[in-house]
Amino acid sequence: MTHLPPELARDDLGETLVEGLRRAYEANQEAFQADAGHNALTFGICVWQSGVHFVGQSLGALDGVSTTVASQSLDIRVGRCKLRVHKLGDSEFDDARTSFPHNVGPAARMGRYEQLEFELVAEARREGEYLDWVVGHYGNAIDGLRAVRLQAVGDDRALDGTISGWGDIVTLFDVATGTLVQMVPANTTHEVVVIPEPDVALQSDADEEESDLRQS
Amino acid sequence: MTDEQRLIPALFDGERLRQARLYRGLRKQEVASLLNLTAASVGQYEQGKIRPSSSTLAKLALALGFPPQFFERGRPLGRMPADQAHFRSLRSTSKLDRDRLLVRLELLSEVVSHVEQHVRLPVCDLPTDLPPLLDGDQDAVIEDAAMNLRDRWELGRGPIDSVVRLVERHGVLVIRPTLGAPGVDAFSTAALARPMLVLSKDKDDAARSRFDATHELAHLLHHHDVEPGSAWVERQANRFAAAFLMPADALLKELPPRMSWPAYFQLKQRWRVSLAALLYRSKTLGRLSSDGYLRAQIFLRRQGWHLAEPVNIGVPEEPVLLFKALELMRTQLGVGIEQLASEICVPPEELRSLIADVLPGDAERPVVPV
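Going line by line, the protein sequences match chains V and X. All residue numbers for the first sequence refer to this note's numbering, where the first residue is 36 and numbers rise by one. All residue numbers for the second sequence refer to this note's numbering, where the first residue is 2 and numbers rise by one.
Looking at chain X on its own, in the form it has when it is part of the complex:
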């Protein structure tokens, strides 16, 4: 055993054990069984009440597939409490699966921190002085909030060609992991060094993915201190997304006076939103009557368009920010995956798995079962 390894138990960080365990999707009892320990011991290691011996630490490192240095105290550690993520449908998944995903975000946040030592990323300038949206706020307040953001970001009132690029330019980290869960679409968190927006790659629908991204942006901006997942919070975020993507004054000029599918097809292509969102917005803005909206919904369902809409607007938007930063590091500084992995003490293959979520295009991505 080297001197360095002998020093490690003294510097042992229980939080790192929690991360490694959850990253592998294991319960304390399962780790304990692998090492002939008790679940209570594992719990005490994680809470920092006791420290493992050198040999136990070596076994832990081997069993969990992380180098012993990973468990060392001293590196900045991001903590992502489950109650600070706007999860929506993820709430129906198991705690272990959710924790596993959150740990991936924690580690990815660390990767970004290390990348930022070499590369300057856009400053996160999400407005912090916006009034929170409260339960019972009228729709007009939400419409104003959406227009307020458009004005601050000098976006005018036209269709936005890429929501993902927009939020990335304002310092939000966007990731598109394959979650392997049909009911999961997106979630976000502001608990880490940079706000993160997670869009499921499982849904191959560009219009819905854009709407999800804007919905999550609403949470990041306006729902700091509310209980994530409440029905009114979700409703407000939907309303914000609709108003932000389809400003009332601009859309009303283009909505047909009467229901016309060809016109709505054109609008879908131009505004890059789903037919469902357009119809709902049209009803909200009073262009479609309740009956007209109902008839359109019936027609839409009869055609099977609620499952697969007509008018293809292309592939979902992909994040590019971290990919560009990593490419810059590799080409200009010669810092590749191996070195970065060594800096953050994770195996290179795990780093590749982590950053696969932020790669654009159809690169092979690991599935994070949720």
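Chain V on its own, in the form it takes in the complex:
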């Protein structure tokens, strides 16, 4: 059973998130130079900032989605939901259930509700729903973007209040299994040509049809 609220269950949102992150990865893959001292840390930081740029830019065009940049991080609001983007792993094989934000950035802090915010959220939240989600992306400088998952901030907390368990995980894109957001190519202009089965007819019937045609 999914805990995705209705405002997040829209194809264009998932598609745009994946596309923005893909662009962030590709831009930094091209710029990555191991012999200039670039490493996984610098790549992660660059993808973070490029993600703010590309994801923010493309989400801004969607109806019902607002984005602001606070503390160099993207704050995404969709209806009642709040989303934060965070790199959670290096490949699609990283276990999403045990991948958490390890720094003290905004995504990690999503688990620490202020008392007032908690009350407001609790009021808006319907049973079985999660309203706070981390857009977890997985990838590296060599292979690029490998997976994107929406991971719901559940009720499990570590001692410092950070996330220690996910309420739900929805895969938007996984390069290994081919799972991807449902989207129709944007510039489709040619419809699929449907070929019917070949016709066969008894020789006598076909002759009669021809004869009828000739007479008419």
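Any given hint could turn out to be false.
Heads up, incomplete: computed chain X residues facing chain V, CB under 10 Å, no partners named [said to hold, decoys possible]: (1) R121; (2) P160; (3) L167; (4) A264.
Because the hints were derived from the structure by calculation, they are not lab data. No residue lacks a Cβ here, since even glycine has one placed at the ideal position from N, Cα and C.
Could you slot chain X onto chain V? The hints should help.
Using the frame of chain V, we list chain X on its own:
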């Protein structure tokens, strides 16, 4: 011995002996050993230089598992010379195995001729006025040829949902035998009454099978008088298949501006072609740079996708034409396998084995070892 059987040696057709021998995958020497004859005698029977006696014919019929009437002259006989088939990788197989397969096609062609006495099949209307593609023809000529065919068949520029149904509607007989040879994918011939397109059932890959079918269509249309199997002929057929399945103007509108696996997955599903074919087409059309193509290939191999691609587009397309005709004969005329077998003088079990290659679905099929 009946009068009918006594008459048969006089009407003996050496070509039928060749067919029966090759159908069983036997050399002349092997047939000779079975009957205490010499290989030279068998050769002379086949060439029509001498005729077997009634008793020798009876022994031949018994040894080869065909009724004596099968060897009788008078029935139209299709001949399928090996050098008129676009074999590709089959060229690496033995002559005997190839001949065995070709004889199956000859007999299947006869079956179709008999079916056509009862059932009207689509007229073969492959264009005959197309200019042949020549060695050295530029890619643009091949692209034009593919678009020319799309225009003639009023296909527009969108993805084609079934290549097998398309060629069957234009009178080509498609068969999908289990060849039992890993390197063999497809071949075609226009030497028989109807053009035939053979797609190996061994490869369970819908995208590749569609590409193979279109590749063979290119041979049937444009490579009549060239030596089958030449590298340039194969290259042209590949280019034609890519252009026909993925018209440049339509695909360019949908190809992502930069390499994007999710986008290519979508395109694979929509155009029903392999990722490998899409990537190559993208490079050909200039959307992917050579470096970008190389990077994609490396990634593809690292994932093992060159062996098994992601994004399943379903099962390979199955032929339906002959199956529909046989069903019509059975249900409307009461003509079943037994009667048809009797008309073409082959044992019913051999007829079943032959037509199993044209049955749709997962029906049990005989393996033709190649």
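Verification of the supplied hints:
no.	hint	result
1	R121	holds (4 Å)
2	P160	holds (5 Å)
3	L167	holds (5 Å)
4	A264	holds (7 Å)
In summary, this structure violates none of the numbered hints.
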